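Asks: Modelling step: build the complete structure from the supplied sequences, incorporating the hints.
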Amino acid sequence: NAGVTQTPKFQVLKTGQSMTLQCAQDMNHEYMSWYRQDPGMGLRLIHYSVGAGITDQGEVPNGYNVSRSTTEDFPLRLLSAAPSQTSVYFCASRGTSGTNEQYFGPGTRLTVT
Amino acid sequence: KQEVTQIPAALSVPEGENLVLNCSFTDSAIYNLQWFRQDPGKGLTSLLLIQSSQREQTSGRLNASLDKSSGRSTLYIAASQPGDSATYLCAVRVTGANSKLTFGKGITLSVRP
Chain A
1 NAGVTQTPKF QVLKTGQSMT LQCAQDMNHE YMSWYRQDPG MGLRLIHYSV GAGITDQGEV
61 PNGYNVSRST TEDFPLRLLS AAPSQTSVYF CASRGTSGTN EQYFGPGTRL TVT
Chain B
114 KQEVTQIPAA LSVPEGENLV LNCSFTDSAI YNLQWFRQDP GKGLTSLLLI QSSQREQTSG
174 RLNASLDKSS GRSTLYIAAS QPGDSATYLC AVRVTGANSK LTFGKGITLS VRP
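Sequences listed follow chains A and B, in order. Counting from 1, one number per residue, gives the positions in the first sequence under the working numbering. Counting from 114, one number per residue, gives the positions in the second sequence under the working numbering.
The set of hints was computed from the structure by calculation and includes no laboratory data. What you are looking at is a predicted structure, and each value in this text was computed from that prediction instead of being measured. Accuracy of the hints is not assured; some may be wrong.
The calculated lysine-lysine pairs, modelled on DSSO-like cross-linking and capped at a C-alpha distance of 30 Å, are [as the list claims (entries may be wrong)]:
hint: 1; chain 1: B; residue 1: 218; chain 2: A; residue 2: 9
hint: 2; chain 1: B; residue 1: 181; chain 2: B; residue 2: 213
hint: 3; chain 1: B; residue 1: 155; chain 2: A; residue 2: 14
hint: 4; chain 1: A; residue 1: 9; chain 2: B; residue 2: 213
hint: 5; chain 1: B; residue 1: 114; chain 2: B; residue 2: 218
hint: 6; chain 1: A; residue 1: 9; chain 2: B; residue 2: 155
Replies: See the structure below:
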């Protein structure tokens, strides 16, 4: 199993540009989520999904959109990038039965200039 | 609202020392608690997960304990090595099938040779 994969690893955007961060998992996990990690702020939940077709907002959803058309994929879209969105973004997944252990992807480092 | 605290924010110890990392949480109605390790520039790696019905979990030189009534968990690292240098985060999941993980800000551990 590849686990949770994210692309790209690094990205530089100009203010106002849009882009999509990709996330995929091959563990057949129902629950997927996106976090951002900033110095001094810890990990903050952006959006999450409990299954295909179902998404919900986390703590810091403004400026981001998500969709979940398949169990495997959970892309995060930045609609109009702002310097405040400079951060490291992590995707995570877990099953909703068994141990419910959460697994993280390697992250995407995004810089908005 | 669940709050998770990890103190101190940073710790430096000589190689070979046994050490304890602390995690406290405010709401004792938890489903499980998970300890992660994060190396600089990398994603989060799951170390141990303790279900609410368990008191401890062990993996190699790591032992995590859980005391729900006092709102505390500890991660014990035996015979520390320079390779243990990393940031250690604890995360708590409250009761509920779709509930989210609440993270502490982590403890950055440095093991001196």
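Asks: Of the numbered hints stated previously, which ones are contradicted by the structure, given in increasing order?
Replies: none
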